[in-house]
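Colleague: Chain by chain, the residues run as shown.
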Amino acid sequence: SQQGEEDPQALSIQEGENATMNCSYKTSINNLQWYRQNSGRGLVHLILIRSNEREKHSGRLRVTLDTSKKSSSLLITASRAADTASYFCATWGYSTLTFGKGTMLLVSP
Amino acid sequence: DVKVTQSSRYLVKRTGEKVFLECVQDMDHENMFWYRQDPGLGLRLIYFSYDVKMKEKGDIPEGYSVSREKKERFSLILESASTNQTSMYLCASSLGLASGGYNEQFFGPGTRLTVL
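Chains W and Z, in that order, give the protein sequences. FYI, my numbering numbers position 51 of the first sequence as 51, with every residue one higher than the one before it. FYI, my numbering numbers position 41 of the second sequence as 41, with every residue one higher than the one before it.
Any given hint could turn out to be false.
Here are the simulated EDC-like pairs of lysine to aspartate or glutamate, each with C-alpha atoms no more than 20 Å apart in a straight line [claimed, not checked]:
hint, chain 1, residue 1, chain 2, residue 2
1, Z, 55, Z, 30
2, W, 26, Z, 59
3, W, 56, Z, 104
4, W, 101, Z, 104
Hints listed in this document are in silico derivations from the structure and should not be mistaken for laboratory results.
So that you can see chain W by itself, here it is in the shape it has in the complex:
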């Protein structure tokens, strides 16, 4: 059962620009997490935001959470070519973490 849905499906920007990805979900959550996946590799955890938090920062990453709208956004500032990857949001349901289908980000030099 797919809980999170990312938007857009694909995003292409230039190095130095900011990238914003959005995630919407359907049911109440304990926390929402963002993961990155480089091509053909496993996922890497980026950041976790709890349901009672509204904003969280980690380096060039900024995550917001709006539980009233059941949505989250991931902002990557001053993007680099190395940020090229797929980004997934994930939410905890009853006993498991459910992933969206991801946003593919391409950062061109």
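Given the coordinates of chain W, assemble chain Z onto it according to the supplied hints.
Modeller: Positioned in the frame of chain W, the structure of chain Z alone reads:
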């Protein structure tokens, strides 16, 4: 440094073969998971385990089974491989409920399985 390893990066098998995918974690995590990832479908949970010898079905368990005899090792078994099981298989682990639950998952590099 935390680590989840999977036995193979690439695997090619024939229809009807029994296939074993192994996953080992060195973080003493209680929970372990198997996902498959297909284009346009994202990650789908096959099975998970929250303790040794315990297993729970995920969203798509049909055609698969699992084994967890030791805490650090979680195996995915394709009893009789079929072409529609060609996919990327990802293993993950996380701390369990005793550690507060709802934790981040650590992923292995994935096994790309092709069934001919």
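Colleague: Against each hint, give a clear statement of whether it holds in the structure.
Modeller: Each hint, compared with the structure:
1. Z:55 x Z:30: Distance of about 12 Å is within 20 Å: holds.
2. W:26 x Z:59: 17 Å, holds
3. W:56 x Z:104: Given pair residue 56 of chain W, residue 104 of chain Z holds - Cα atoms ~16 Å apart, limit 20 Å.
4. W:101 x Z:104: 18 Å, holds
Every hint from the earlier list agrees with this structure, and none is contradicted.
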